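Please construct the entire structure, taking both the sequences and the accompanying hints into account.
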Amino acid sequence: MPLKYHIHSAPVSNRFPKITKSGVIAWEEGCLKCARCVKKDCVYKVYEKRDLDGRQMLDSLDSVCMDCFRCVQGCPNRLIQKGMNPTYKTLGDRYWTPEIITDLWFQAETGRIPVSGAGYGGPFSGIGFDAMWTDMSEIVRPTRDGIHGREYISTTVDLGRKLMMLDFDETGEMISAPPPLVEIPLPIIFDLLPWSPPRERIIRSMLKAAKILGTFLVVRASDLEPDLIPDVSNIMLHLDRRLESVDRSLIGTSRIIEIPYSEDVLSLQRAIKEINPSVVTVIRVSLDPGSSSRVLDLTRAGAEVIHLCADEHGLEKAKEPLFIKDRMKEIHLRLVENGVRDQITLLAGGGIAMAEHMAKLIICGADALTIDIPLLVAMECRVCRRCKTGIACPVELEKIDPVWGSERIINLMAGWHNQLLEILGAMGMREVRRLRGEMGRAMFFEDLEREVFSAMGKRS
Amino acid sequence: MANEIHNVGFPEVKIAPSRFRHALSKHHITINKACTNCGLCIDLCPYHVYERGKRHPKVAFEHLCIGFACSRNDFFCVRRCPEKAIKVSLNPSFEILGDKRWPADLLSSTWHMAETGNIPHSSLNYKTGDSGGGFDRIRFIFPPDGASKISKSEISTAIELNRSDDSRPRVTIPIPLYLGGMSFGSVSIVTMLSRVRAAAALGTFCCTGEGGYPEELMPYDDNIITQVATGLFGVREETIKRVRIVEFKYAQGAKPGLGGHLLGDKVTPRVAAMREAVPGSALFSPFPFHSVYSVEDHKKHVDWIKETNSRALVSVKVSTPTDVDMVAVGSYFAGAHIVQLDGSYGGTGAAPDIAKKNIAMPIEYAVPKVHKFLVEEGIRDNITIIASGGIRTAYDMAKIIAMGANGVCLGTADLVALECIRCHHCESGRGCARGIATTDEELTGLMGLEWGTQRIINMYLAWRSQLINILSRLGMKSVTELVGRFDVIAHLDHLKGRDIHGELV
Numbered sequence: 194m195p196l197k198y199h200i201h202s203a204p205v206s207n208r209f210p211k212i213t214k215s216g217v218i219a220w221e222e223g224c225l226k227c228a229r230c231v232k233k234d235c236v237y238k239v240y241e242k243r244d245l246d247g248r249q250m251l252d253s254l255d256s257v258c259m260d261c262f263r264c265v266q267g268c269p270n271r272l273i274q275k276g277m278n279p280t281y282k283t284l285g286d287r288y289w290t291p292e293i294i295t296d297l298w299f300q301a302e303t304g305r306i307p308v309s310g311a312g313y314g315g316p317f318s319g320i321g322f323d324a325m326w327t328d329m330s331e332i333v334r335p336t337r338d339g340i341h342g343r344e345y346i347s348t349t350v351d352l353g354r355k356l357m358m359l360d361f362d363e364t365g366e367m368i369s370a371p372p373p374l375v376e377i378p379l380p381i382i383f384d385l386l387p388w389s390p391p392r393e394r395i396i397r398s399m400l401k402a403a404k405i406l407g408t409f410l411v412v413r414a415s416d417l418e419p420d421l422i423p424d425v426s427n428i429m430l431h432l433d434r435r436l437e438s439v440d441r442s443l444i445g446t447s448r449i450i451e452i453p454y455s456e457d458v459l460s461l462q463r464a465i466k467e468i469n470p471s472v473v474t475v476i477r478v479s480l481d482p483g484s485s486s487r488v489l490d491l492t493r494a495g496a497e498v499i500h501l502c503a504d505e506h507g508l509e510k511a512k513e514p515l516f517i518k519d520r521m522k523e524i525h526l527r528l529v530e531n532g533v534r535d536q537i538t539l540l541a542g543g544g545i546a547m548a549e550h551m552a553k554l555i556i557c558g559a560d561a562l563t564i565d566i567p568l569l570v571a572m573e574c575r576v577c578r579r580c581k582t583g584i585a586c587p588v589e590l591e592k593i594d595p596v597w598g599s600e601r602i603i604n605l606m607a608g609w610h611n612q613l614l615e616i617l618g619a620m621g622m623r624e625v626r627r628l629r630g631e632m633g634r635a636m637f638f639e640d641l642e643r644e645v646f647s648a649m650g651k652r653s
Numbered sequence: 002m003a004n005e006i007h008n009v010g011f012p013e014v015k016i017a018p019s020r021f022r023h024a025l026s027k028h029h030i031t032i033n034k035a036c037t038n039c040g041l042c043i044d045l046c047p048y049h050v051y052e053r054g055k056r057h058p059k060v061a062f063e064h065l066c067i068g069f070a071c072s073r074n075d076f077f078c079v080r081r082c083p084e085k086a087i088k089v090s091l092n093p094s095f096e097i098l099g100d101k102r103w104p105a106d107l108l109s110s111t112w113h114m115a116e117t118g119n120i121p122h123s124s125l126n127y128k129t130g131d132s133g134g135g136f137d138r139i140r141f142i143f144p145p146d147g148a149s150k151i152s153k154s155e156i157s158t159a160i161e162l163n164r165s166d167d168s169r170p171r172v173t174i175p176i177p178l179y180l181g182g183m184s185f186g187s188v189s190i191v192t193m194l195s196r197v198r199a200a201a202a203l204g205t206f207c208c209t210g211e212g213g214y215p216e217e218l219m220p221y222d223d224n225i226i227t228q229v230a231t232g233l234f235g236v237r238e239e240t241i242k243r244v245r246i247v248e249f250k251y252a253q254g255a256k257p258g259l260g261g262h263l264l265g266d267k268v269t270p271r272v273a274a275m276r277e278a279v280p281g282s283a284l285f286s287p288f289p290f291h292s293v294y295s296v297e298d299h300k301k302h303v304d305w306i307k308e309t310n311s312r313a314l315v316s317v318k319v320s321t322p323t324d325v326d327m328v329a330v331g332s333y334f335a336g337a338h339i340v341q342l343d344g345s346y347g348g349t350g351a352a353p354d355i356a357k358k359n360i361a362m363p364i365e366y367a368v369p370k371v372h373k374f375l376v377e378e379g380i381r382d383n384i385t386i387i388a389s390g391g392i393r394t395a396y397d398m399a400k401i402i403a404m405g406a407n408g409v410c411l412g413t414a415d416l417v418a419l420e421c422i423r424c425h426h427c428e429s430g431r432g433c434a435r436g437i438a439t440t441d442e443e444l445t446g447l448m449g450l451e452w453g454t455q456r457i458i459n460m461y462l463a464w465r466s467q468l469i470n471i472l473s474r475l476g477m478k479s480v481t482e483l484v485g486r487f488d489v490i491a492h493l494d495h496l497k498g499r500d501i502h503g504e505l506v
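Protein sequences, first through last, are from chains P and Y.
So in the numbering used here, spot 176 of the first sequence is number 369, and the numbers just go up one at a time.
So in the numbering used here, spot 230 of the second sequence is number 231, and the numbers just go up one at a time.
Be aware that one or more of the hints could be misleading.
Straight-line alpha carbon distances no greater than 30 angstroms define the calculated DSS-like cross-link-like pairs of lysine-lysine that follow [said to hold, decoys possible]:
#1 Y:Lys150 / P:Lys282
#2 Y:Lys101 / P:Lys214
#3 Y:Lys150 / P:Lys651
#4 P:Lys238 / Y:Lys150
#5 Y:Lys358 / P:Lys214
Hints are computed from structural coordinates only; laboratory data are not their basis.
All of these numbers come straight from a predicted model, not from anything done at the bench.
Here it is, written out as structure tokens:
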């Protein structure tokens, strides 16, 4: 077996005070300020562990409070109350919820996966990825010594076009020429950001992380400063300018190049291949209701990898847009019906916010996926999108130290990798490649609701 | 309502107030300086919220206040106070208390039942949570005007656990529920004993979980289910011989397909001795059974237990994968008496959030699927289906029975009765700050055994009276008539009040 892929993580502290869900809102009139409640009685010793932020002159117990309510219930005069932090509620939006954002922060800070006690407390189901569940097996185990054992679960995927058969001449020599492939050890590629403050340092953080993790960062040709070129083997060059205006040696040394979709995208692909036959080409396509026809045509015409892009909420471009997972299912099944699914690699991205989305989108037919906003959130982004309108970033993302930034991203990816192993392990699978398109190993909200609930209440 | 119900053989309700200085309350009452201590509020309030004080009345039992709903009453203290000194407001803490499954209302109403043995006052929703689906969108269809109502004293809530025709005992429990496995180590010995003693008093069972059989439990052998799980911690021939039901845990809903994990901090010398392990080092219960790869292997397992204890019933606890119906059929043919379907919304110990939220289907789907499949296979009447992992209320219990279960198994509700606030930090450091899921000596001391036992008894007696009420309105004399009655429940997304004859509750 190839060497086991393991992401080393270590705690990386925050630059800014945490935004907590709740806070002590009242040490009301009459409080004797005995502070017995927090200093002596507190089970979690919050007074000793509290954060003191010099810059903001904040003495915060809230960031270490565990919401056990012992002080609220124990104060002799009922003077302590806890309340919801209004800033918490306004984090992100309906898709990028405060829960998701704080979960990503936790993983980026600690490198650990979110674990909690007492069952799941969230909604029954929800939109998009929350409308499906993944399977488990009662008796099949993926490996002999647990999911983190010596016998490991592989998360490696190959990007490129695949031959469906090999031809040999009469002497037994292979005459088929296998197209180039690149391999990534986890099914994630770092994509272009939908928005960000000035991105020089952000790109360097992401690239550093991509390099250590062994994956790619999509970089626009126009963003490619000379100091980034030594790391070209971890860059997926996005051709946002004419081929002729890009340095030929850059095309010659790239392992993978992305071209935005256009009518003559295949001739551009050929032109690139003439310069560098061993490069893998990716065609970037916006997701819309016509995607499955377009993907089928491109596959038949010789495309190697297609990158399907939804918007940052996982929606395609349409009047009544479909969610990425639902469109992905249609595209995958269309290729399967036409017998060409295995020839091509499908990347998909847009709205991927949690580790579970990764597993679920792969089940719906993607080989690997691309992520964007979670990388910013790893570096403390609050998804306020002020940068879109030119307002200063509240967490000064433009000033980050790329070493710090990359460590935070690596921590997040360590968390996601381990969570993918949990999902695969529960299903009894040893390969993420086997997960692709396994819709029979998932349960979909619409199907179950119809099957189970629609007949209720009817007198027979 | 209660006086109509026959509680012969059941323990009595005894008031068991909060063990903390103040119970958490939905409403916050303040009395300002204008108060002349006339005492009118104390006399007016039928809920006994106030007590006499030196300078002004003391708000002693804030949580019993019914809040703004009281403004219809003539005894509404806020209006009647001659000095207008009383103010009632919503407690801001309520917004962060609980979660979508167990909103603050449900927590408070469960505390109320555990304290008083009665359903709570009108301002607390004690029937549904806020999850937006499943149980929370399902309602009973009650015939209009109590048309088919029958006398509550005639109603039976008992179920039989051995429905096969083998020679083993027919074990009957007087309420359609038993208490699920929580190992010694994951919860304190006081919590464990409170649950066991409550189960014994109610005439039902409590499962040991996978952590051994502490000797304190021996007086209650007849009311204990001992668990054989993948780590085989604390499993001995002698413990299997001692009980009337043995449970195989293949998987659990809180972490389907994942092993158990007891953090090193919780492995005290006592816990380690019980589990035959080393103190301080984390214990992993592997997944799955390393000796079971097929239904045939599974049958060998069941046979092994049956051979070891000739009077025991065998229960098989499984999670809810896509093929859960096949799993249930397999268990039946392997000789199980009970199949327990464990959904993903329960559980005490630490589990990865990704597993709890995403892996395996909710119990509201799994039970109907299994019930229908077993009916088609012609074996439904020969096996008992127990549903667990997400049953929070008496209404959930009745709904899942109408959806095909014979009874339910509970865990989280017990902990809430013991004043768990669902902070989700069971796993941290010294363990539960409220002294429930901990092995820390000081924290364990926060709770008394009598109190814990009584709280759980009170809650389930309140559940029983609600179940009887439901059965009575549906015109059923026994809870066994409710099994698989999809016609008496409706999902609000698929059926509207105007489409039915009766009332959706």
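Hints, one by one, checked against the model:
Restraint check for Lys150 of chain Y and Lys282 of chain P: not satisfied, since their Cα atoms lie roughly 47 angstroms apart, outside the 30 angstroms limit. The suggested pairing of Lys101 of chain Y with Lys214 of chain P holds, with an alpha-carbon distance near 15 angstroms, which does not exceed 30 angstroms. Proximity of Lys150 of chain Y to Lys651 of chain P is assessed by CA-CA distance (about 21 angstroms); at most 30 angstroms being required, the pair is judged to hold. For the proposed pair Lys238 of chain P and Lys150 of chain Y, the alpha carbon gap of about 56 angstroms is over 30 angstroms, so the pair is violated.
Restraint check: the Cα-Cα separation between Lys358 of chain Y and Lys214 of chain P comes to about 20 angstroms, which is no more than 30 angstroms; the hinted pair holds.
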